[in-house]
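Put together the whole structure using the sequences plus the hints.
Chains A and B, in that order, are what the protein sequence lines are.
Its first residue numbered 1, the first sequence is counted upward by one per residue in our numbering.
Its first residue numbered 1001, the second sequence is counted upward by one per residue in our numbering.
In case anyone wonders, no lab produced these hints; they're calculated from the structure.
Misleading hints may appear alongside valid ones.
[What the hints assert, rightly or not] Which residues of chain A face chain B? A partial, calculated answer using Cβ under 8 Å: (1) 50; (2) 52; (3) 72; (4) 79; (5) 83; (6) 89; (7) 91; (8) 287.
Even for Gly, the Cβ is constructed at its ideal location relative to N, Cα and C.
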Amino acid sequence: MGSLELRNIRKSFGAQEVLKGIDLEVKDGDFVIFVGPSGCGKSTLLRSIAGLEDVTSGTVLINGQDVTVTPPAKRGIAMVFQTYALYPHLSVRDNMALGLKQAGAPAAEIEVRVAKATEMLSLEPYLKRRPAELSGGQRQRVAIGRALVREPELFLFDEPLSNLDAALRVQTRVEIARLHRQLGATMIYVTHDQVEAMTLADRIVVLNGGVIEQIGSPMELYNRPANLFVAGFIGSPQMNFIEAARIGEAGATIGIRPEHMSVSPTEGRFRGKVIHAEHLGADTNLYLETESAGLITVRLFGEHRYAADDIVHATPDATKIHRFDESGRAITA
Amino acid sequence: MSKARQSKLRTSLVHVALIAYTLVALFPVFLTIINSLKSKQAIFGQPLRLPGPSTFSLIGYETVLKQGDFVTYFQNSTVVTVVSIFLVLLFGAMAAFALAEYRFRGNTLMGLYLAIGIMIPIRLGTVALLQGMVATGLVNTLTALVLVYTAQGLPLAIFILSEFMRTVSDDLKNAGRIDGLSEYAIFFRLVLPLVRPAMATVAVFTMIPIWNDLWFPLILAPGESTKTVTLGAQLFIGQFVTNWNAVLAALSLAIFPVLILYIIFSRQLIRGITSGAVK
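So, in structure tokens, the structure goes:
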């Protein structure tokens, strides 16, 4: 189907450089997710791949072909937008068919492809309706259908779930994952939600300030973050960072994930007071003010009877401690 | 915003004020219409009376229809107004789209330059305009009027429409680009339908000054075949004698075409004016 290669992509808006030299290779059939905080350039990068933004310098290759100056419609891509972006005056069927009509496909083929997408997404009952008569989740399915009909080399998703409520978000997430398996298509997906990134991606690209911080599978990023930024960005609640010197460890900063700590009322490494306890049923999050390590978060599985003002002792799992040097890079043991 | 809590007194005061304003605004129109249906003596004798059996007379309308070539005048006015509105909307929307959609050097300056026309009355340039029309041989043609009115209407149209164009979702336009729509198709098929209320607003604001204008028809197209209604009505106003019956009848007739155009636009207009304000 489709592979993608980006070579030293740079993009500036006026004097402000948004993308500072992005190199990336995406293999055929990969599901790649760009994550990062807002303003990190992930949407701009996606738009550059789509051809909706002209890059300032660098090369975009789709299937080995240089498409840097090719208009969006000729790149073999389809895109799903955060705001659905359905054509308000067209029925669901015409929304899906418009791209093919513009490309001059024969009516019979349009019919077949629309029918196929309709079936995959169970859109049958809505074909004659206008977008205004659909709910948010239905609209997003139509938008995905519109992308499917194009049978593109590359699917691009720009925060497609951000406008949906929590329940629909999970449902649509599963649907996108199913589509990816079914089609085996290459997908590039932008989100700021790390849960989406972790659950959907084959590979995650973490962006920050216009540069790639790390590329890897979800578990690689979780277990072996390359630097402080990735360590803090992936995982929720956030990893605890403690000054190494304060607790007599090597390196500049020590990182311990909240779930890699155990708590005991009687003995442990960091003695501290519970400031706040969150009881979520499956998890219990404790926020501790410790004497030696400062403010730390501990995530316990299952229900625990800790409450604010309890004195507890937290102990990190020694095998799961992350160490970072002065420049914030991970020290690999 | 406790609408339900507003006292009856306040609500009725607001209504009294609005009704009073409506009466003041409609009074001249009302006066024109009732007097156009009266005999000359009655117009001067009892100008505020409604036409009764003894004072009712259609002499004004008869004069208008017999004497001047009013069918032609109406045609001229309608052609000039409709063509001007069309051109103002077309070019205004295109310019507004370009200003709102594309990043290019001097975008803001261009927007300011196009908006300056709102502040400078076009009549200041009458002499130059007349010279230009004479040089191009356009004097006494409807084209001359259409050109001037289009230029006059464009600044406000661009100003209002570019604000509305900015509110059209970028994602929608980008979806169109990915589906292979040309920029023209995106403009005509995606953006224009969405800014229709704003277009109606602009159409009404453009239409009324053009229909009522006396200045440019008098200067640029005073010939018999190119007279507009407003200019045609002057036929009955003489230096010494004015045929008030005919003047009032002509003016009453002139209200209707513009009223019809207004009704066509008004359904869209109300949404246009209130959109953004209430939401």
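Practice task
Go through the numbered hints given earlier and state which of them the structure violates, listing their numbers in rising order.
Solution key: Failing hints, ascending: 7, 8.
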